[in-house]
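Make the full structure from the sequences, and use the hints.
Protein chains in written order, with the numbering used here: chain A, 1 to 511; chain B, 1 to 318.
Just so you know, the hints here were simulated from the structure itself, not pulled from any lab data. What you were told as hints is all true, and nothing was included just to trick you.
Interface residues of chain B toward chain A, partial, derived using beta-carbon atoms under 10 Å:
hint : residue
1    : 170
2    : 173
3    : 174
4    : 177
5    : 178
6    : 179
7    : 180
8    : 182
9    : 183
10   : 186
11   : 190
12   : 192
13   : 193
14   : 194
15   : 305
16   : 307
Mimicking SDA-like on lysine to any residue, the simulated pairs with C-alpha atoms at most 20 Å apart in a straight line are:
hint : chain 1 : residue 1 : chain 2 : residue 2
17   : B       : 303       : A       : 95
18   : A       : 111       : B       : 175
19   : A       : 74        : B       : 189
20   : A       : 140       : B       : 248
21   : A       : 118       : A       : 130
22   : A       : 111       : B       : 178
23   : B       : 174       : A       : 120
24   : B       : 316       : A       : 90
25   : A       : 270       : B       : 304
26   : B       : 248       : A       : 142
27   : A       : 118       : B       : 174
28   : B       : 316       : B       : 93
29   : A       : 346       : A       : 405
30   : A       : 139       : B       : 173
31   : A       : 139       : B       : 174
32   : B       : 316       : A       : 77
33   : A       : 316       : A       : 258
34   : A       : 114       : B       : 175
35   : A       : 316       : A       : 263
36   : A       : 202       : A       : 172
37   : A       : 202       : A       : 439
38   : A       : 270       : B       : 298
39   : A       : 11        : A       : 24
40   : A       : 138       : B       : 178
The beta carbon of each residue, even a glycine, is placed where N, CA and C say it ideally should be.
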Amino acid sequence: MENTTNVIEMKHIVKDFNGFKANNDINLTLRKGEILALLGENGAGKSTLMSILSGLLMPTSGEIDVRGQEVEIKNPTVAKNLGIGMVHQHFMLMESFTVLENIILGHETIKGPKLDFKKAQQQIEELSQRYNLNIDPKKKVSEITVAQQQRVEILKVLYRGADIMIFDEPTAVLTPQEITEFIQIIKELAKEGKSIILITHKLEEIKRAADRVTVIRAGKSVGTFDVSGVTNNRLAELMVGRHVNMKLDKPSAEVGKTTLKVSDLKVKNKQGILALKGLSFALRAGEILGVAGIDGNGQDELVRALTGMQHVDSGKISINDEDMTNQKVRKITEKGVSYIPSDRQKYGLILPFSISDNLALQNYYHQPYSSHHVMHYDLIHQHADELITKFDIRTTGSSLPVSDLSGGNQQKVIIARELDLDSDLIIAFQPTRGLDVGAIEYIHQQLLLERAKGKAILLISYELDEIMQLSDRIIVLHDGDISGEVKPEETSDEELGLLMTGIKKEGNALA
Amino acid sequence: MNLVGILSLLVSSTFVYSTPLVFTALGGVYSENSGITNVGLEGIMTMGAFSSVVFNLTFASTFGKLTPWLGLLVGGVVGLLFSLLHAVATINFHADHVISGTVLNLMAPPLGVFLVKAIYDKGQTENITQSFGYFSFPGLADIPVIGPILFKNTSAPAWVAIIVSIILWWVLYKTRFGLRLRACGENPQAADTMGVNVYGMRYAGVLISGFLGGIGGAVFAQAISGNFSISTIVGQGFMALAAMIFGKWNPIGAMLASLFFGFAQSISIIGNQLPFFNHIPSVYMQIAPYVITIVILVLFFGKSVAPAADGQNYIKSK
Numbered sequence: 001m002e003n004t005t006n007v008i009e010m011k012h013i014v015k016d017f018n019g020f021k022a023n024n025d026i027n028l029t030l031r032k033g034e035i036l037a038l039l040g041e042n043g044a045g046k047s048t049l050m051s052i053l054s055g056l057l058m059p060t061s062g063e064i065d066v067r068g069q070e071v072e073i074k075n076p077t078v079a080k081n082l083g084i085g086m087v088h089q090h091f092m093l094m095e096s097f098t099v100l101e102n103i104i105l106g107h108e109t110i111k112g113p114k115l116d117f118k119k120a121q122q123q124i125e126e127l128s129q130r131y132n133l134n135i136d137p138k139k140k141v142s143e144i145t146v147a148q149q150q151r152v153e154i155l156k157v158l159y160r161g162a163d164i165m166i167f168d169e170p171t172a173v174l175t176p177q178e179i180t181e182f183i184q185i186i187k188e189l190a191k192e193g194k195s196i197i198l199i200t201h202k203l204e205e206i207k208r209a210a211d212r213v214t215v216i217r218a219g220k221s222v223g224t225f226d227v228s229g230v231t232n233n234r235l236a237e238l239m240v241g242r243h244v245n246m247k248l249d250k251p252s253a254e255v256g257k258t259t260l261k262v263s264d265l266k267v268k269n270k271q272g273i274l275a276l277k278g279l280s281f282a283l284r285a286g287e288i289l290g291v292a293g294i295d296g297n298g299q300d301e302l303v304r305a306l307t308g309m310q311h312v313d314s315g316k317i318s319i320n321d322e323d324m325t326n327q328k329v330r331k332i333t334e335k336g337v338s339y340i341p342s343d344r345q346k347y348g349l350i351l352p353f354s355i356s357d358n359l360a361l362q363n364y365y366h367q368p369y370s371s372h373h374v375m376h377y378d379l380i381h382q383h384a385d386e387l388i389t390k391f392d393i394r395t396t397g398s399s400l401p402v403s404d405l406s407g408g409n410q411q412k413v414i415i416a417r418e419l420d421l422d423s424d425l426i427i428a429f430q431p432t433r434g435l436d437v438g439a440i441e442y443i444h445q446q447l448l449l450e451r452a453k454g455k456a457i458l459l460i461s462y463e464l465d466e467i468m469q470l471s472d473r474i475i476v477l478h479d480g481d482i483s484g485e486v487k488p489e490e491t492s493d494e495e496l497g498l499l500m501t502g503i504k505k506e507g508n509a510l511a
Numbered sequence: 001m002n003l004v005g006i007l008s009l010l011v012s013s014t015f016v017y018s019t020p021l022v023f024t025a026l027g028g029v030y031s032e033n034s035g036i037t038n039v040g041l042e043g044i045m046t047m048g049a050f051s052s053v054v055f056n057l058t059f060a061s062t063f064g065k066l067t068p069w070l071g072l073l074v075g076g077v078v079g080l081l082f083s084l085l086h087a088v089a090t091i092n093f094h095a096d097h098v099i100s101g102t103v104l105n106l107m108a109p110p111l112g113v114f115l116v117k118a119i120y121d122k123g124q125t126e127n128i129t130q131s132f133g134y135f136s137f138p139g140l141a142d143i144p145v146i147g148p149i150l151f152k153n154t155s156a157p158a159w160v161a162i163i164v165s166i167i168l169w170w171v172l173y174k175t176r177f178g179l180r181l182r183a184c185g186e187n188p189q190a191a192d193t194m195g196v197n198v199y200g201m202r203y204a205g206v207l208i209s210g211f212l213g214g215i216g217g218a219v220f221a222q223a224i225s226g227n228f229s230i231s232t233i234v235g236q237g238f239m240a241l242a243a244m245i246f247g248k249w250n251p252i253g254a255m256l257a258s259l260f261f262g263f264a265q266s267i268s269i270i271g272n273q274l275p276f277f278n279h280i281p282s283v284y285m286q287i288a289p290y291v292i293t294i295v296i297l298v299l300f301f302g303k304s305v306a307p308a309a310d311g312q313n314y315i316k317s318k
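As structure tokens, this is what we get:
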């Protein structure tokens with residue numbers, strides 16, 4: 001039967017990076033015409049394994065068979081010739097080039113010394129129609145949406161005649177509607193005989209799209225399962241290696257007085273265009289207000305305005321009934337704002353500094369940690385040790401540079417520092433970005449604990465699951481404005497998706 | 001002077017002064033479209049000027065009228081070899097492009113003067129005997145009005161430069177090589193995953209800029225200065241860089257921008273022969289090209305968009 005032909009067999013793959021085994025004896029089989037999910041936490045070795053398959057890395061040892069033949073994939077060209085194509089998580093596109101130029105690059109048809117644009121365009125239009133991709137090859141990449149850019153990536157792979165396609169975290173940048181369309185596209189591709197590997201850590205998508213799933217953990221194969229025969233809980237356990245609470249225990253909110261009030265907030269972005277167009281909302285003590293939306297709809301400007309890092313053009317921000325519009329960062333912090341930034345390495349931490357110094361960043365300048373500009377390091381270290389224990393930061397000591405910690409532990413350092421301020425308002429911007437399931441669970445619990453203590457929490461996130469699980473109320477940002485306010489128990493991913501794309505505005509019935 | 005006479009004087013001197021800029025700016029376009037910022041154009045021009053003058057002085061009697069043209073090639077090759085330093089430093093050793101380019105600029109003039117001292121035992125060379133001079137296109141020069149303005153007593157290298165810039169535009173936007181070169185300047189990592197040899201393309205970009213920059217210097221030395229000294233190339237490389245930016249990293253744009261800068265320079269030199277301009281004190285006319293360069297850089301630098309990965313090193317993981 002054709003269905004059970006193995007197109008790829010990776011056997012006992014080991015990849016050693018100077019003593020660190022990113023892949024340690026991994027096995028993977030891909031059958032013809034199937035969608036195989038590759039599941040694992042961040043750092044489990046998924047990307048390394050796929051880089052080996054696509055010729056970007058060479059394995060230290062192990063064997064790769066493609067269509068029954070043992071091969072050595074020395075570079076991307078070899079992979080291409082074997083019919084292996086990869087759609088990267090961060091799109092590999094030239095923004096200022098046309099779709100056509102992006103697709104043909106490296107695989108150009110030429111007529112004499114000249115590029116044959118006409119023939120290439122014909123081929124691309126054919127492929128685009130055949131797989132329902134609807135792409136105009138003449139448009140510039142910078143002019144099309146992220147979902148369309150992903151289709152360009154798919155076309156790139158198809159144009160090279162690939163019949164083995166690897167997708168690295170393909171849905172991370174898509175809205176729920178776009179995800180549905182994407183899954184339809186890959187199912188269509190599989191039906192046409194393409195074999196697909198889907199790298200992901202989203203269990204829900206595996207259920208919807210994949211036939212089988214291979215789980216890897218800490219560089220090792222855990223096993224391969226038929227998706228129909230395994231539950232999400234079981235998959236999560238296999239991935240993390242211990243029991244995981246999938247459902248958060250969330251008591252009902254006990255809402256107090258208004259902590260944050262934003263009225264008619266207008267903020268211009270760097271190009272001088274209004275990024276926030278008169279935003280108004282209120283956040284009360286003891287509740288979590290989720291801010292949903294697609295990246296780039298004003299989230300950055302909102303957070304920067306609230307934390308005092310960006311000039312507010314008009315409107316008012318009050319915290320505990322005091323006007324905090326265009327105040328200095330430190331004044332806002334001292335008024336009672338804790339801030340967990342979205343990019344921990346860029347804005348949250350000073351990477352070469354020690355853990356203890358990073359933990360002291362918000363209080364080093366006052367008693368008891370310093371007096372008359374002289375730092376009291378003994379107290380700072382002592383306090384750091386307390387926080388390390390309290391927040392379960394996994395490290396060998398507080399003097400270690402924070403850059404040596406894993407992503408999850410770096411995030412814990414920020415959370416420890418910010419929650420230690422005991423502020424009334426906590427602004428959490430993408431607090432679990434790039435973290436694994438275990439760390440996400442921990443951070444979500446911390447936020448819920450703060451909520452129980454009566455803190456007001458503003459949660460800005462691009463992860464719908466996170467917003468849905470934690471929020472008491474959800475506002476959706478679209479194009480610098482609130483396109484709707486919903487309650488998580490009364491809404492659906494679909495409705496949020498429509499609000500996020502601005503198709504549905506508040507008050508309109510869901511079509 | 002009648003109008004045709006004024007125009008033909010203006011056009012021919014604009015041509016003469018812009019030709020070195022056109023070649024050098026085209027070089028900049030190729031280097032930066034491959035992703036390597038090249039502020040070393042000034043130094044490359046200096047080496048081109050130096051080597052072409054030495055060649056011209058040595059072989060004028062052997063090659064006669066052909067000497068300056070061969071001098072261009074010599075200047076180009078020496079410029080190419082000199083730019084190899086920049087290529088190795090930035091591509092293989094991931095040096096900062098501006099620092100590496102500055103090294104070329106700091107190194108070239110003293111090196112040239114040192115070698116002049118070593119060869120001729122004096123601070124600057126003699127004047128060359130075979131310079132480009134003026135050229136009339138047979139036939140075309142006889143066309144009424146247009147002929148005297150564009151084709152009579154004009155600069156032959158200028159016409160070569162204009163044709164070369166059109167060819168280089170075509171190569172950059174219509175051929176496989178051009179597409180791959182631009183891809184390396186736009187997103188080298190993506191280009192790599194598509195099987196493009198990023199290091200190779202970037203070498204090509206830098207070496208082409210070395211060749212063209214060397215030609216630019218050789219044109220200047222053999223058409224304008226006539227000898228080589230420490231003050232032969234003083235800012236023309238940076239003007240070419242400005243022309244490249246003003247021309248939006250596009251060969252045709254760079255050529256037109258260079259013509260404009262050449263016009264500004266020629267005004268400062270022939271201004272006293274022109275009505276109206278001869279009333280302006282000469283010192284203003286002399287600083288005008290530099291002021292115009294600075295003003296244009298200030299006005300356009302923020303707005304015109306460089307190749308996205310221009311100036312970024314690409315380190316391939318193993």
